[in-house]
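Chemist: Now for the letters of each chain:
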Amino acid sequence: MKKNLRFYVAFYLAKLARWTLKVLKRNASYFPGKLAITICPDFLGRIDKPKTIIGVTGTNGKTTVCNILEEALRKNGYELIDNHLGSNVNSGIASSLIEEADNRGRQKKEIAVFELDERSAVKIYPYLVPTYLVCTNLFRDSLRRNAHTEFIFNILNKSIPKETKLILNGDDLLVSNLAKENERVYFGIGRLETDEDTCHNIVQDISICPNCSSKLEWEFVRYNHIGRAHCSKCDFCSPQIDYEVTQIDFEQKNMTIRNNGIEETYDIMNDNIINIYNVLTVISVLKELGMTKEQIEKGLEGQKIVDTRYSEEMINGIKVVTHLAKGLNPIACSRVFDYVRKQPGNKAVIMILDNLHDAATSSENTAWQYDTDYEFLNDDSIKQILIAGARYLDGLVRLEIADVDKDKIIAKRKELELVQDLDLEGIDKVFILHDLHSTELRDRIKEQVREKIEKERK
Amino acid sequence: MEEEKKIEILFPEFCNLAGDSSNMRYLRKCMPKAEFIETSFDEEMTFTKENVDLIYLGPMTESRQEKVIEKLKPYTDTIKQKIKENVTFLFTGNALEIMGKYIENEDGSRIEGLGIFDIYSKRDMLNRHNSLFKGLFEDIEIVGFKSQFSMSYGNNENCYFAKVEHGIGMNPKSQLEGIYDHHFIGTYVIGPILILNPLFTKRVIEMMGVDTPYLAFAQETMDAYKQRLKEIH
Ligand SMILES: [Zn+2]
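Line by line, the protein sequences are chains H and W. Quick note on numbering: the first sequence equals residues 4 to 461 in our numbering. Quick note on numbering: the second sequence equals residues 383 to 615 in our numbering.
Some hints could be false.
Unchecked claim - Away from chain H, derived, C-beta distances all over 10 Å, residues of chain W:
| hint | residue |
| --- | --- |
| 1 | E395 |
| 2 | L399 |
| 3 | D424 |
| 4 | M507 |
| 5 | L514 |
To be verified - Cut-off 30 Å, straight-line C-alpha distance, at most; resulting in silico cross-link-like pairs (DSS-like, lysine-lysine):
| hint | chain 1 | residue 1 | chain 2 | residue 2 |
| --- | --- | --- | --- | --- |
| 6 | H | K236 | H | K256 |
| 7 | W | K449 | H | K417 |
| 8 | H | K218 | W | K612 |
What the hints assert, rightly or not - Derived CB-CB ranges, DEER-like:
| hint | chain 1 | residue 1 | chain 2 | residue 2 | range |
| --- | --- | --- | --- | --- | --- |
| 9 | H | T259 | W | H615 | 55 to 61 Å |
| 10 | H | E428 | W | S445 | 21 to 27 Å |
| 11 | H | L16 | W | H615 | 25 to 31 Å |
| 12 | W | H615 | H | E315 | 53 to 59 Å |
| 13 | H | G264 | W | S445 | 48 to 54 Å |
| 14 | W | T594 | H | D382 | 52 to 58 Å |
| 15 | H | M4 | W | N509 | 25 to 31 Å |
| 16 | H | I42 | W | P554 | 28 to 34 Å |
No lab work stands behind these hints: they were computed from the structure. Predicted model, so just to flag it, every value in this text is computed and none were measured. All C-beta atoms in this analysis are idealised placements derived from N, C-alpha and C, irrespective of residue type, glycine included.
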């Protein structure tokens, strides 16, 4: 699309808005783009874009994958555009492009990494064709916004441009069937010792064949619908994996990836399977960009998962871990619950997962709690579960339905009154699981935990 | 007697959106001696061969709705007969739409339903409706959530499930939610409706012919219910 008068009006007003917001020290990562698109609806199509655009979409892991990928590219000397600070919808992308463009609307940087909201696909892809599009996974997410996985799959499937090369999670049978006509590569992790033959989660969004409705036969299930399967009647099956993890060494903290028959070993950064997927995803992208093992290693060196999502600290012999567990997102929470139960030692778990916005204005839709595997918290190694927030009564019922012993549960309305009931007797680890919007509460609770440990464990 | 009760859960492998499978998980705890039959999509349905006391169908994706209609269609008369015989049915979310005359897409194309009730539904995949719900079912206040792409229209004046006190009925202009005919209950209220509404759960168990229903975690579910009643106004 060519630049027209309307584009230039939108562009300069957006630049002005951006400048004004910056002067006022206000957030300029959304509004300028919003303004530009309001004035010129096909703005994204008309503005100059970098030669290579890497889009990252999917339910979980988008942000982490983008963070690691951007850092790895920068460490290798690339200058890039990202929407790291902005939103992942069309206005956020437009804002980032406006921000980076010179006063004549030209881009100097050659590469962009954009986190792309799945639902916004219809508003983005007609104007911005990613060179590569990564899809991490497709799971149930916010019921209000994302409805169900088939809805999101259909949106993506209809909007992904034909020219885009896909980099897909081959262990996700929904993702691997996206835009079948497009050029593609798959990444995946081969069977692990911890994988199972059947699904132990509440939710499995692909359990019968999408072509013939027959039962799927699972070669293994990792969690929910992540795993490998084939149809019992027709030829529907998991794809051949291009970037396949053939071995994970949890002690040495590394993994072996096979690509075109060649095996290479990389650090895993963190032992949570979710993060191993994230790192594998990034490596697959870097390989597709033609990077060598040395360049990739240089890019990943010293990186860790950001503190807002995960942190750990030893306090007088007790490990205190904070871990993001996005409320409303059943699979993300289930993964965290699974991680917690599998950690060695005796644990106490503090949970503040309620939606603070809903708590302030209305009553939260708690249906998601019942797609979430609270059952994983019913584990002998978890000695105490402390929940608080507007939905504490619902949380208590949910835990009881998961058959958690009522004596183990503390449920209170006020988040800051929880820690007084924390019982540190015999506890090795305290987990604080929090929603995306509860970081302030998380920090205050962590301080309370610290004080309590310092007082009781000298 | 509870031990003789038989509950059939239809197609739990995909009629399970929005946390709805929890309803049967909770009911199992309330009726530990009852028999629960999970019928998957490629199996023969138990209610077509023998008596069951409750038939449960949860919400599903739009494409699955069409498959379920195909599967149930040959048994339309059996279902009608079961309703007449006061067998209890609980159809949640868009499962209700299957019982209507048709489901209409945005482009006007229609999927023929079972035609058991005098209602029809319209999809609008660009606009998702989300709301909280409070309404009166007989003398019991029902609380819950709606989250859906489609609405139902037609006449449910003599067979509605609940009178709206907060939120919407079968469609945004209706004050009457869902269908209640004999012991057939169909409602757009999704999610853990039985867990959220202990008094209603008790009534459903009574409908199945249990004289003294037992409620699991009665105190805790009642506390949460009372709290939500206060919040939704
Ligand atoms: Zn098949």
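Chemist: Does each hint fit the structure? Answer for all of them.
Modeler: Now for the hints, and whether the structure bears them out:
Non-interface status of E395(W) relative to chain H is broken: a Cβ of that chain comes within 10 Å, the nearest being about 4 Å off. With 10 Å as the threshold on Cβ separation, the claim that L399(W) sits away from chain H is violated: the shortest Cβ distance comes to roughly 5 Å. Distance to chain H contradicts D424(W) as a non-interface residue, since its nearest Cβ pair spans about 6 Å, not more than 10 Å. Chain H draws M507(W) into its interface by the beta-carbon criterion, the shortest separation being 7 Å against a cut-off of 10 Å.
For L514(W), the shortest C-beta to C-beta distance to chain H comes to about 6 Å, within the 10 Å cut-off, and the non-interface label is violated. Pair hint K236(H) plus K256(H) does not hold up; C-alpha atoms about 40 Å apart against a cutoff of 30 Å. Between K449(W) and K417(H) the CA atoms are separated by roughly 47 Å; this puts the pair beyond 30 Å, and the hint is violated. Note on K218(H) and K612(W): the hinted pairing is violated, with a Cα-Cα distance of about 45 Å set against a maximum of 30 Å.
About 59 Å separates the C-beta atoms of T259(H) and H615(W), a value consistent with the hinted range of 55 to 61 Å. A C-beta distance of roughly 53 Å is found between E428(H) and S445(W), which places it outside the suggested range of 21 to 27 Å. Remark: the range hint 25 to 31 Å for L16(H) to H615(W) is contradicted by a beta-carbon distance near 43 Å. Restraint check, H615(W) to E315(H): a C-beta distance of roughly 43 Å breaks the suggested window 53 to 59 Å.
A hinted range of 48 to 54 Å for the beta carbons of G264(H) and S445(W) is inconsistent with their spacing of about 39 Å. The hinted window of 52 to 58 Å between T594(W) and D382(H) is violated, with their beta carbons roughly 35 Å apart. Between M4(H) and N509(W) the Cβ separation comes to about 29 Å, which falls inside the hinted range of 25 to 31 Å. Separation of I42(H) from P554(W) is about 32 Å and conforms to the stated range, judged on CB atoms against 28 to 34 Å.
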